[in-house]
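A.B. asks: Which chain is which? The protein sequence lines are B and A, in order.
Just so we're aligned, residue 1 is where the first sequence starts under our numbering, counting upward by one.
Just so we're aligned, residue 1 is where the second sequence starts under our numbering, counting upward by one.
Honestly, I wouldn't trust all of these hints.
[Said to hold, decoys possible] So the derived list for chain A, only partly shown, Cβ under 8 Å to chain B, looks like this: (1) D50; (2) N53; (3) V58; (4) W144; (5) Y181; (6) P224; (7) A226.
Note that these hints are calculated values from the structure, not bench results.
As the structure is a prediction and not an experimental result, all values here were calculated from the model.
Glycine included, C-beta positions come from ideal geometry on N, C-alpha and C.
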Amino acid sequence: MRRSRRAFLLFAAALGIVVSLTMWQAPTESVAQRSASTAARPDLEGGWVRIDPEGSGSFGGLTSKFPRAVLTPAAAAIPVGRDPDDVDPDAKPHGPGEPYIVSQGRCGGPGGAGGIEPNSAALFIVQADDEVLLTREGPGGRHIYMDGRAHPDLTRWTPIPLGHSVGRYEEGELVVDTMGLTPGAVTAGGRRTPETRLTERYRLTPDGKKLTITYTWNDPKLYQKPHTYSLEFDRLPEGSYAFEGWCDSSDPLQRQSIVPPAQLQ
Amino acid sequence: MKSIVTALAAVLTLTVTATDPVGAQEGADRNRSAAPSARDISGFWELSIDGSNVPAAVLTPGITKAVLDEQAKKDAHAIRWCNILGLQHAMGSPRPIDIRQGARMIVIATEVNAATRYLYLDRRTHINREEFDPTTNGDSIARWEGNVLVVDTVGFDGNKGMTAIPGGGFRTADSHLVERYRLLNNGSILAVTFTWEDPKVFRTPHTYEFRYHRLPQSYEPRPPLACDPFDQERTRFLTTPPQIPR
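Next up, chain B with everything else stripped away, as it sits in the complex:
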């Protein structure tokens, strides 16, 4: 009896230690669990196509309702040159379906992967542990480094059209931070320089079928407040595949475009 009472006391004492240890660790566990859930990796893999949620009916109309950038006076004074490849010799309105020259038909420009913001070509995402790779239907890719590396020293960096991007998962979203971009224009009246910081948040709907990318441009020299807007995408159906964007500068038709036909009301 004495032996079993001693055993009981020992057991109770040890149980007390276990409970205390558990309670002491409870806040840590809770933080860890929160951390695990906020870092949850959304399944972005596959093809995505940009949609026109406003029904604007034209590619230029896609961004017409975006909030305009609020620039600093210095930024507003920066002239934004037109893309030298864009040419519209007569600069007059064109009727629906009327073909006209829109570019020099120049293939093989630098940069690859079609720029930061996807256009009408599909966007493809593949998520590996060290890198998220964003690709399009032509050459190149956008590399998002996921291994915790920092941005390079910009004094030793040659700006490129896609900049330098690092990413992390946060609250179930992919968050991408980019610097080192070539100077130029930003959607909805914005500007950018290599020092401008772009933050993108890739957020899936609960069913995984829609993707919203929110762009936020920060640069106290350029913006009076952060410049933010979002693009929306539909996931390509199962069995879809990437097309291959063809470009041949020797083909006269390469220079033409067609105004979209009038939309049915």
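Assemble the complex: chain B is given as a structure, and chain A must be docked to it using the hints.
C.D. replies: For chain A alone, coordinates are given in the frame of chain B:
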């Protein structure tokens, strides 16, 4: 008594482990990165000067010098006009290639003027020929056979891009390519054998092998070099015999 103490020690150990999920996860991550999976070819890969074993292709009698010359003219046109050049240029790239493997597809992005390659792991059959517009990369489906990734490609365009195949011959709309990817030397080398079949071009299947070196994780690719089809000096260089400077 001894058994009670042992049981309590076990409970304590389990409790400490269970209350440290982050530490446990970090341990698992460390283990994963320490032992590269034989079935994950993600990484940056570079083809070195000693990384090619390319025998001469055995061509059919119909592939005469005139046919080869005509095809070479098409390839020169593609280079001259900055067309995207296609699969052979991508895989033989003088710059590193980036391969990233997902659950449903593997993507190969290059730093040269070749369209990104997509190898579909979630599809067992090719896209119907009536639906698929032929491309310079074709339609690639992939599957693992043990530790070998087998990639089967059809749907090439014989008139677009650079069609020349290492060792001789060229790709046509009837070409069929099987690639076999496998990791060697504890994952530091990626060996790829290419086997081309095309009854109009090759008398026997034409096989060659490339071996790519894995680059450090810290490698950062640069964009493809610009290609300017309207640069007159470049055009002169490409289209006239070289001149000895005087």
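A.B. asks: Compare the structure with each hint and give your call.
C.D. replies: Now the hints, each set against the structure:
1. D50: Given a least distance of 27 Å, the restraint on D50 of chain A is violated.
2. N53: 27 Å, violated
3. V58: Result: violated, 30 Å to nearest chain B Cβ.
4. W144: Because about 16 Å separates W144 of chain A from the closest Cβ in chain B, which is outside the 8 Å limit, the hint is violated.
5. Y181: 15 Å, violated
6. P224: Since chain B brings a Cβ to about 5 Å from P224 of chain A, closer than 8 Å, the hint holds.
7. A226: This interface hint holds because 4 Å falls under the 8 Å limit.
Hint compliance for this structure: hints 1, 2, 3, 4 and 5 are broken, all remaining hints hold.
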